[in-house]
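Q: With the hints as your guide, set chain B onto chain A.
Just so you know, the sequences run in chain order A and B. So for the first sequence, the working numbering puts the first residue at 1; every next one is plus one. So for the second sequence, the working numbering puts the first residue at 1; every next one is plus one.
Read the hints as simulated data drawn from the structure, not as lab findings. Wrong hints could be hidden among the right ones.
Copies of the same chain are indistinguishable here, so a pair counts whether it falls within one copy or spans any two.
Below 30 angstroms or equal to it, Euclidean Cα-Cα: the simulated DSSO-like pairs (lysine-lysine) are [stated by the list, open to error]:
hint, residue 1, residue 2
1, 16, 196
2, 206, 228
3, 196, 206
4, 196, 178
5, 16, 178
6, 196, 230
7, 196, 228
8, 228, 200
9, 178, 133
10, 9, 230
2 protein chains.
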Amino acid sequence: MVQNLEYPKRAYNTVKRYNNRGTYDLGAIHSIINTTSVLHVSFAPSPDQSFPAILPMIGVMGSFEYPSSGVDEPLDCYLHGYVSSRIMRLARESPNGLPICVAATKVDGLVLSLTPNSHSYNYRSAVLQGYAKPVETEEEKLYAMQLITNKVVAGRWENTRVPPDHVEMTSTTILRVKIDAGSGKIRQGGPHDEPKDENKDEITNKVWTGVVPVYEALDAPIPSATNKVKQLPPYLDSYVSETNNGNRQAALNAANEP
Amino acid sequence: MVQNLEYPKRAYNTVKRYNNRGTYDLGAIHSIINTTSVLHVSFAPSPDQSFPAILPMIGVMGSFEYPSSGVDEPLDCYLHGYVSSRIMRLARESPNGLPICVAATKVDGLVLSLTPNSHSYNYRSAVLQGYAKPVETEEEKLYAMQLITNKVVAGRWENTRVPPDHVEMTSTTILRVKIDAGSGKIRQGGPHDEPKDENKDEITNKVWTGVVPVYEALDAPIPSATNKVKQLPPYLDSYVSETNNGNRQAALNAANEP
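Bound-form chain A, shown alone (with noise of 0.2 angstroms):
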């Protein structure tokens, strides 16, 4: 049997609360970051500022060098979108990247318990430490374009006018991020009550529980004022449907893990 790959347990990457829902797992992470449309990405603006940036971007594992690799196999996340040029200033000024954060949280339900204290979410979250820097080669810009608008939808860089022409290549930014380590957590199941509530009658009778499945939905898709192709394509039809099919099921089985 094949182990699976592991990032290493460090001081920054180790999880400590709810320690049975961490993993290290490349695969189950790597997933994690590129399902997740929005990535919260963080970094020290400057030694004389005492608040850490945040920033939303959109991002997605890749490998330029051996880009055939599987999702649960070492891959750096490529960064774009709200690329400031502070972060792109600080990453091109540090010489071994600059130091971030990549954080992906996914809600899968609301998790209704009978006391406040013991609700939840079912959820699925991911952090990467790593040191990020500009792409500096065409090639590997051209690649990370094209992993990166096929996240937002598969299949939709063929089916655009490609490739970018010079200017759109130098105006384009992208940060690769050679990762350091990484954790994820996930939490599954129904709500969990302690015996002094679950027996008692008057509080059971009262209080629903249960699990509110959550997902994220595409409506259907609305053509531009512009827009001259009346038939939607398929591979957009598709998309949308796979991904509201996907994204409800995992709600659901979240919902009804033991």
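A: This is chain B only, laid out in the frame that chain A set:
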């Protein structure tokens, strides 16, 4: 006419890129925080560590001193969940509170244009900078616990076994964040393409453009194995349908903005 309250523009909260999408309006920013299931909170873990930490947390705006304050008035941010001993310790040990950054992002749509470079999301994002301290008094803790529970499901607090007992009160840790600055960013509407692409039939006849609305959906509540309340309570039933309608409508409105 009454002027809306705005956060002051400081070096670390002024929106630079796409600054026409920026807002400093308290009501707009607080509403994004209040309707986002999971907030991402970042802080500097210790001077010898290069990576900032990020924690997913549940949070809501409120004022214990002026509980009748509106969402557009000065408020604190109360945070709960995954309160690691680390952030609690740092917050307790900081005389003026721990400097933290709280981020909330809601995706309202996939904006699909003719070229990958002009693809975008419709979104609403908010970032707050502030100083976090643990809530000390039982009265304020109770106030915050009720706010947070009713954020997960409106009306849930009064429909559970309350008040929390002594053990529950002492085991619950809540952070109050005094807000120093804040900003929001909102993108709405359809795709924007450039004339160089819009004027070419071979491109516009091939590439579908428009918006795929995105929203957080709640599925039918699934009772737990031990639930004894056979009929779904009206407050929960209406919460699910009102949340779905409201979230979907927000995504459709964003897509149809000119």
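Q: Now tell me, hint by hint, if it's right for this structure.
A: Structure-based check of each hint:
1. 16 - 196: Intra 27 angstroms, inter 54 angstroms, cutoff 30 angstroms: intra-copy only.
2. 206 - 228: For residue 206 and residue 228, only the inter-copy Cα distance (8 angstroms) is at most 30 angstroms; the intra-copy one is 56 angstroms.
3. 196 - 206: The answer is within: 15 angstroms in one copy meets 30 angstroms, while 64 angstroms across copies does not.
4. 196 - 178: Neither, since 49 angstroms and 37 angstroms both go past 30 angstroms.
5. 16 - 178: Answer is both; intra-copy 24 angstroms and inter-copy 27 angstroms each pass.
6. 196 - 230: between (61 angstroms within a copy, 22 angstroms between copies)
7. 196 - 228: Result: close only across copies, 16 angstroms inter versus 64 angstroms intra.
8. 228 - 200: between (64 angstroms within a copy, 11 angstroms between copies)
9. 178 - 133: within (8 angstroms within a copy, 34 angstroms between copies)
10. 9 - 230: neither (52 angstroms within a copy, 46 angstroms between copies)
When the structure is compared with the earlier hints, violations turn up for hints 4, 10 and for no others.
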